[in-house]
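Chains as they are written, first to last, in our numbering: chain A, 3 to 387; chain B, 3 to 387.
Keep in mind that the hints were calculated from the coordinates and are not lab data.
On a predicted model such as this, the values are computed, not experimentally measured, just so you know.
Be a bit skeptical, because a hint or two may be false.
To be verified - Just so you have them, the derived chain B footprint on chain A, three or more residues with Cβ under 8 Å:
| no. | region |
| --- | --- |
| 1 | 39 to 53 |
| 2 | 82 to 92 |
| 3 | 215 to 227 |
| 4 | 319 to 331 |
| 5 | 354 to 362 |
Unchecked claim - Simulated DEER-style distance windows between Cβ atoms:
| no. | chain 1 | residue 1 | chain 2 | residue 2 | range |
| --- | --- | --- | --- | --- | --- |
| 6 | B | A140 | A | H296 | 38 to 48 Å |
| 7 | B | K169 | A | D386 | 34 to 44 Å |
| 8 | B | E24 | A | S21 | 49 to 59 Å |
| 9 | A | R29 | B | R50 | 39 to 49 Å |
| 10 | B | D190 | A | S21 | 24 to 34 Å |
| 11 | B | M3 | A | E96 | 51 to 61 Å |
Here a beta-carbon is modelled for each residue, glycine too, at the ideal position from N, C-alpha and C.
Protein chains: 2
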Amino acid sequence: MKKLAILGSTGSIGQSTLSIVEQFPDRYSVTSVACGRNVDQAFAQAVRWRPKLISIATEELACRLSARLHQAGIAGIDVVHGTEGTVAVSTHAEADFVVSAIVGVAGLEATHAAILAGKPVGLANKECMVAAGEILTAAARQCNVPILPIDSEHNAVHQCLRVGAHKEVKAIWLTASGGPFRKTPLADFAAITPAQALKHPTWVMGRRITIDSATMLNKGLEIIEACRLFDVSPSQVRVIVHPQSTVHSLVEYVDGSILAQISVTDMCLPILYALAYPERPASTLTFDLAALRHLEFEEPDFERFPCLRLAFEAADKGGAHTIALNAADEIAVEAFLDGRIPFMGIPRTIEKVLASTVEAHPTTIGQVLAADREARQRANAFVDS
Amino acid sequence: MKKLAILGSTGSIGQSTLSIVEQFPDRYSVTSVACGRNVDQAFAQAVRWRPKLISIATEELACRLSARLHQAGIAGIDVVHGTEGTVAVSTHAEADFVVSAIVGVAGLEATHAAILAGKPVGLANKECMVAAGEILTAAARQCNVPILPIDSEHNAVHQCLRVGAHKEVKAIWLTASGGPFRKTPLADFAAITPAQALKHPTWVMGRRITIDSATMLNKGLEIIEACRLFDVSPSQVRVIVHPQSTVHSLVEYVDGSILAQISVTDMCLPILYALAYPERPASTLTFDLAALRHLEFEEPDFERFPCLRLAFEAADKGGAHTIALNAADEIAVEAFLDGRIPFMGIPRTIEKVLASTVEAHPTTIGQVLAADREARQRANAFVDS
């Protein structure tokens, strides 16, 4: 029985994780959960899963949740809050495995603390690796803790990497849907509206990640994540556009063999893989290979998608530059969605912020968060100028 | 330094193996070779590779080869002949690895002897596994000897199987080019000529294997081979038509993940994989992923390709039935190429021979060869009737 700590239990990945616990009650149980601001859902999860510890965003919400648990006659669940609460959830003494699925840098400290506490981590949070990957992977190596990627691309890479040794890897190929503007002429990019950019061809996702997919900055973040998760240089990571999103990524070996992972586009698959690794439990997530019919691949267009180039540049410099890339993009996407900057203003903002970033390699989470705040300020200043 | 015994050194796989030894002189050397009837080529290989032992088809050829070596002042190479000679090559005391690439059942005894002598085998000979797979795999298990497949499909499967445990395998998907008649209407199959059937769309191969590819019996033999090499039931093996022959095969796991292997269509790749396993040396066999562009997949048509159904039936029964399938096909293909039977006479001959085969499971190579001869007699009788 593997006891789970789930950071972001009321989010999409958190809920999918709980659906897997539901399917495999003999394999998994829930020890602790950290959720956001939704007291109703937190209460429902407490009733259903009976964790020993729940963390919620604020003291006031914690108070309301405690009261509801008390009224319902449910005892034995500690309720905590804030960053300290999230850290308590991720380092709970009984937890065997931590699912890190809080969006943004909010999950950073708890993920770091989990690694230092020797807990294997299933990582669904992209920003953790982009902002603090150097720190997290160093801690993971030091504590001999596995970090298992919970996203379709890196999970696919993790699988394909089992077919050879690290030194035998020539390149990691991340597939990209190409987003809604894969075939849009460059001349039309200036007029792209938020409504157009929010229509993703294959995946339904949050607003920022959907825009990141339209600019391909999302794939840029994954390039950086791949470098850190798999200890490869940016020159070993490639992006290939694959509109069907069926091949989730590929690994090319020095002997000329390329391994690819194919599956349904359902996040339960990478979550189950991470939870069960190195085992593979039987699931209902079958894929009809005969239905593949037709797969397309093409090189990404770096002119239409300058965010890809910017991500490679940030990946080369590492540290403060990858923090700045992520921070500047978040600010720029908000500004685009608010109608304050045009679509191509997103890469322009990132480029400006990167250009004014001083090379540095934070060694503590505090330094990472400070660099993140500072980059956001510069991004905001540029957006407002 | 791995010392190789090469059975079939003057054939296509044998020559490719030698080209790999040439590329990796620090990794591989040649200890012994068995060739067919080409004295000139055998002599050239002796001069170039200086093996300690050469076997050639007949006593007379052995005599001629010895004389030439003597005239050339080359000493220290023993020349032997026949089946005994081939066995001496495959069991040479100094050999660390045996490449089994003699076409047909001629390589069977030597391959079996190599396994019993504890030598790891790289197997390029399909008939060995089809005719005597039960005996060979039992011997390999007993002697704890790996058999590494040297053909693009099973080599791909071998790679994809490294990503999970045996009990986690749901299905093995063998890709098939579909041959030249993939889109030919069923009504036109009766009139297919040998010249049409000998034109293969993607691979240049020998005559029998080209016809086997046109009837898809080739894929049928691979189904049987997969069952034996990877210890799976016929119901776990599927065939999928993939005209580009770029994905060499796939493995589907019980959790829903499918792993695929992609590479150039060059036999040097599976040979190098088998020789170096579990390592992957750097090779020049690169594949441009961006050039993939477009991959197609479709279900095979069992009505147009009855040989597939016959192979599954033979695989289910095993033993004498798989021997009969292979033997009957070889006779039928000869008869088709000679203009004695029509194209669809090939599956008809196989079906007849299978129907008159008594279920049996030979336990010695002698029994296998006897069953093979007997099935050929029945096939010849049917073809001539």
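Quick rundown of the hints versus the structure:
no. : hint                        : result
1   : 39 to 53                    : violated (count 0)
2   : 82 to 92                    : violated (count 0)
3   : 215 to 227                  : violated (count 0)
4   : 319 to 331                  : violated (count 0)
5   : 354 to 362                  : violated (count 0)
6   : B:A140 / A:H296: 38 to 48 Å : 42 Å, holds
7   : B:K169 / A:D386: 34 to 44 Å : 60 Å, violated
8   : B:E24 / A:S21: 49 to 59 Å   : 56 Å, holds
9   : A:R29 / B:R50: 39 to 49 Å   : 58 Å, violated
10  : B:D190 / A:S21: 24 to 34 Å  : 52 Å, violated
11  : B:M3 / A:E96: 51 to 61 Å    : 53 Å, holds
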